[in-house]
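Throw the hints in and build the complete structure from the sequences for me.
With UniProt numbering applied, the sequence shown corresponds to residues 1 to 236, in that order.
Don't read these hints as lab results, they were simulated from the structure.
All figures in this text were calculated on a predicted structure; none of them were measured in a lab.
No residue lacks a Cβ here, since even glycine has one placed at the ideal position from N, Cα and C.
Mixed in with the good hints, there may be bad ones.
What the hints assert, rightly or not - Simulated restraints on C-beta separations:
1) Val47 / Thr198: 38 to 48 Å
2) Ser4 / Glu78: 29 to 39 Å
3) Lys139 / Val70: 24 to 34 Å
4) Asn149 / Asn104: 27 to 37 Å
5) Ser18 / Asn149: 21 to 31 Å
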Amino acid sequence: MSGSRKFFVGGNWKMNGSRADNKVLIHFLSEAHFCGDTEILIAAPFVYLNEVRQSLAKEIHVAAQNCYKVPKGAFTGEISPSMIKDVGCDWVILGHSERRSIFNESDELVAEKVQHALAEGLSVVACIGETLSERESGKTEEVCVRQLNAIANKIKSIDEWKRVVVAYEPVWAIGTGKVASPGQAQEVHNFLRKWFKTNTPSGVDQQIRIIYGGELYRPVETQLFSVHVTKSHFHC
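Shown next as structure tokens:
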């Protein structure tokens, strides 16, 4: 990993937690010691964002798990980037595989959300990745390129790319007990970085952080670190 790219570790609570449970996790995080060159991100359910943000040290970023593509309006159940910022948070996860599969979010909708979140000043973890059937059909690169193209078409400046972290999220390694090997993850990461070199403004390929977004277990986690695959664990 390039020395100019800060190490990034994230945890997504998904639709889990309670005020009591959150206090335990917050205490654990508050007692932990993190390296100064590591960026830490916690993604909490929206109803807990304010409380989590107020309770954690500012060095730990707090993210929303979703947002919509417009500032406000008659969109029952949705939240806007301005609402996320209003409770003191500066990150959002977009395009998570569960949003794509369960809620039928298209590549275009995800891209529009990314565009609006960046325009409103948020930083974005943009998730991409293939299903098991797509991997077995040899379509991993095709799927990742399709999803990335939609996002890249909405991002025009290198300054906006600086606020994007791409999470390669092999859908077949989430909630299944399967884990991508370091070799599998690194192969896709290398392909993605080459794609960025060809398809985005000069320098984006060197600055952008591409992280692993599947499940992790300690032996594999250690191996992923050793090959410099920047890790993100977006599974609760």
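Evaluated hints:
no. : hint                        : in the structure
1   : Val47 / Thr198: 38 to 48 Å  : holds (42 Å)
2   : Ser4 / Glu78: 29 to 39 Å    : holds (36 Å)
3   : Lys139 / Val70: 24 to 34 Å  : holds (32 Å)
4   : Asn149 / Asn104: 27 to 37 Å : violated (19 Å)
5   : Ser18 / Asn149: 21 to 31 Å  : violated (40 Å)
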